[in-house]
Amino acid sequence: MADEGNETGSGKNKLIIIAVAALLSFSGSGMFFFFDGEKPLPKRDIFIENTEPVNLQAIYVTLPHPFVFNITGDRQQRLVQVKIKLMVRGGNNEKLAKQNLPLVEYSLLTMFAAATVEQLKTPQGQLEIRQQAVETVQAAMQKITSKKVVERVLFTGFVMQ
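Number 45 in the working numbering belongs to position 45 of the sequence shown; there are no gaps in the numbering.
Hints are not guaranteed to be accurate.
[Stated by the list, open to error] Quick list of simulated restraints, FRET-style, between CB atoms:
| hint | residue 1 | residue 2 | range |
| --- | --- | --- | --- |
| 1 | GLN124 | ARG75 | 27 to 33 angstroms |
| 2 | ASP74 | GLN124 | 15 to 21 angstroms |
| 3 | GLU105 | THR72 | 17 to 23 angstroms |
| 4 | ASN92 | GLN119 | 18 to 24 angstroms |
| 5 | GLU128 | TYR106 | 29 to 35 angstroms |
| 6 | ASP74 | PHE158 | 17 to 23 angstroms |
[As the list claims (entries may be wrong)] For lysine-lysine, the following DSBU-like pairs were computed, each having C-alpha atoms within a straight-line distance of at most 35 angstroms:
| hint | residue 1 | residue 2 |
| --- | --- | --- |
| 7 | LYS95 | LYS12 |
| 8 | LYS143 | LYS98 |
| 9 | LYS143 | LYS121 |
| 10 | LYS95 | LYS85 |
| 11 | LYS148 | LYS121 |
Simulated from the structure, these hints should not be mistaken for lab results.
No residue lacks a Cβ here, since even glycine has one placed at the ideal position from N, Cα and C.
Construct the entire structure; sequences and hints are all you get.
Quick look at the structure:
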């Protein structure tokens, strides 16, 4: 019977030793994760791939035909002729602008049809029309190419009779 007591005593000792070892292991692991925390990732420079450099030389795309349209004034109709060049940056944008010239012409013609004589008579009104032209062309190009493409719309000739 004494042998049985030793066996149970040594069995309890083994169990206690295993439990203490497991407890130390778990507590050590817990402390490691608790005090270690998340280390910040090393800083890395983030590069966004841009197919074209930002400071590209301006390229001017000439619309092949001047815009000729009538506008109604207070007293009479007036004939307006506008020659336009598009300022773009980069060969890719030049290609897109040339491919979509019919869309640009349509957009501008629609915008000019809404103009009034009063707008076109004053320098301030002409400036507003130029700004509208840029916004109109950029919006049309954005829909088709997902890029604004055109930076400026330049009136190289403007005649109103």
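*Of the numbered hints stated previously, which ones are contradicted by the structure, given in increasing order?*
Those not satisfied are hints 1, 4, 5 and 7.
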